[in-house]
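Colleague: Numbering (this note's numbering), first residue to last: 58 to 175.
Keep in mind that a hint or two might mislead.
[What the hints assert, rightly or not] Keeping only pairs whose Cα atoms sit at most 27 Å apart, straight-line, the calculated DSS-like set for lysine-lysine is: (1) Lys83 x Lys105; (2) Lys83 x Lys123; (3) Lys163 x Lys150; (4) Lys128 x Lys83; (5) Lys128 x Lys116; (6) Lys116 x Lys132; (7) Lys116 x Lys83; (8) Lys116 x Lys105; (9) Lys145 x Lys128; (10) Lys150 x Lys166; (11) Lys173 x Lys163; (12) Lys145 x Lys132.
In short, the hints are calculated from the structure, not lab data.
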Amino acid sequence: MADNLQSVAMLDEEFLELLLHSEFYKNLDRNLQERLILIVLTGDEESKFALLNILNNAKTDFDNLKNNFLKQEFKVLNEQAQILTAAKNLQQKVLRIDTEVLERQKEEKNADDLLKNI
Numbered sequence: 058m059a060d061n062l063q064s065v066a067m068l069d070e071e072f073l074e075l076l077l078h079s080e081f082y083k084n085l086d087r088n089l090q091e092r093l094i095l096i097v098l099t100g101d102e103e104s105k106f107a108l109l110n111i112l113n114n115a116k117t118d119f120d121n122l123k124n125n126f127l128k129q130e131f132k133v134l135n136e137q138a139q140i141l142t143a144a145k146n147l148q149q150k151v152l153r154i155d156t157e158v159l160e161r162q163k164e165e166k167n168a169d170d171l172l173k174n175i
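With the sequences and hints as input, model every part of the structure.
Modeller: Laid out in structure tokens, this is it:
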């Protein structure tokens, strides 16, 4: 019997440690945190398992939200890269046109100089 009580006490301690370090717990107000600790310390096994299930679901929801955020962040970065690539391509086209215009002006000036020398 003493071994069972010791096992339950160790399980409660591990469960309490898990609860205290969970993101779910950290984001609760102080009153709810105290209630959860009370459930762990005084609650029956069914309440503790229900609480553990809530914690696992909250962790899953948090992970899903984080993954969705990262997917959106990747999408935004990808769109930014596409915009930067398009801007670079446009800049290169403008530079090519400027170069062509300068070459034509140089050719026209050379032609004008030749006509003046004739």
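Colleague: With reference to the structure, classify each hint as holding or not holding.
Modeller: Okay, the hints, checked on the actual structure:
For the proposed pair Lys83 and Lys105, the alpha carbon gap of about 18 Å is at most 27 Å, so the pair holds. Between Lys83 and Lys123, the direct Cα distance comes to roughly 17 Å. Compliance with the 27 Å bound is thereby established for this hinted pair. Using a Cα cut-off of 27 Å, the hinted pair Lys163 and Lys150 holds, with the two alpha carbons roughly 20 Å apart. The straight-line distance between the Cα atoms of Lys128 and Lys83 is roughly 25 Å, inside the 27 Å bound, and the hint therefore holds.
With a C-alpha separation of about 18 Å, the suggested pair Lys128 and Lys116 falls inside the 27 Å cut-off, and the hint holds. Our distance criterion of 27 Å between C-alpha atoms is met by Lys116 and Lys132, whose separation comes to about 24 Å. For the hint linking Lys116 to Lys83, the alpha-carbon distance of about 12 Å falls within 27 Å, and the restraint holds. Using a Cα cut-off of 27 Å, the hinted pair Lys116 and Lys105 holds, with the two alpha carbons roughly 16 Å apart.
Note on Lys145 and Lys128: the hinted pairing holds, with a Cα-Cα distance of about 25 Å set against a maximum of 27 Å. Distance check on the hinted pair: Lys150 and Lys166 sit about 24 Å apart at the alpha-carbon level, within 27 Å; holds. A distance of roughly 15 Å separates the Cα atoms of Lys173 and Lys163; the hinted pair therefore holds under the 27 Å criterion. Using a Cα cut-off of 27 Å, the hinted pair Lys145 and Lys132 holds, with the two alpha carbons roughly 20 Å apart.
In summary, the structure agrees with every hint in the numbered list given earlier.
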